[in-house]
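A.B. asks: With chain A held as given, fit chain B onto it using these hints.
Residue numbers (my numbering), protein chains in the order written: chain A, 1 to 101; chain B, 1 to 164.
Watch out, some of these pointers could steer you wrong.
[Unchecked claim] Here are the simulated lysine-lysine pairs, DSS-like style, with alpha carbons at most 30 Å apart:
(1) B:Lys-162 to B:Lys-81
(2) A:Lys-100 to B:Lys-162
(3) A:Lys-100 to B:Lys-81
Worth flagging that the hints you see were computed from the coordinates, not collected in a lab.
Remember, predicted model here, so these are calculated numbers, not experimental data.
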Amino acid sequence: MAVPIAWYLILSATLFSLGVFGFLIKRNIISIFMSIELMLNAVNLAFVAFANHWHQVTGQIFVFFVMVVAAAEATVGLAIIIAVFRSRNTLDVDQIDLMKL
Amino acid sequence: MHLALFIIFGLLCLGGAVNLLLQRHPINSALSLIVVMSSLAVLYLLLGAEFLALAQIIVYSGAIMVLFVFVIMLLNAGEEKQTQGSQAAYMAGIPGVLALFAVLASTFFTLRTSFGDARLGGFLATTEDLGRVLFRNLLLPFEVTSILILVAILGAVVLARKEH
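Bound-form chain A, shown alone:
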């Protein structure tokens, strides 16, 4: 039984939208960061689905690079979160408003 590629793409679009939604409604800085990871994963699924459609390896190479950059981004992001927590003693984004006008 074959599965249409479009179903994978719609699943990917749903996951991406849920990630954007979480980015907007979450108030904990770590949860917001996890929503960003969810969005990256959704895009990776779309890349793999397209690679399957075109029978090209290049789409999977893109996913490989996204993974590498996401790993680097997660390390730096979590280090920033630790630094923010040290200076402001909170993880609530509503209270991290030093640069707000």
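C.D. replies: Only chain B this time, still in chain A's reference frame:
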């Protein structure tokens, strides 16, 4: 078989993503994100990306999520406070997200016939194929990412270090 696996792990993905949004404690969100990432690895395997499926488990649900869980435990992150949040996010963000989803889903749905079907074993990119493209055509980007990772390591050490 393919359809059954797609439905099971696709639903696990969606359930994990929805649970990530519903949970108020970050550690529960992190655990549901691990469910999402591991089910995505199965979907990659169904689409013929065997190397990426393993890399997904090792890098994402292994390394990155362990880092997240460590930071959550290190900072002793408690439950999220119920706050009003930003009005702009609710007024413009939620309709925007719905519009984005509607556009993407309707585009993919109308083009579903031209995308065709994915069959088990219809396309299999082995690690050898991947390595051939990566180390022949894309060697320079590959080397550049090693510098990126080095910079990220240094940046993480500098940012997280205790200041005296």
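A.B. asks: Would you list, in rising numerical order, the hints stated earlier that this structure does not obey?
C.D. replies: Checked against the structure, no hint fails, so every one of them is satisfied.
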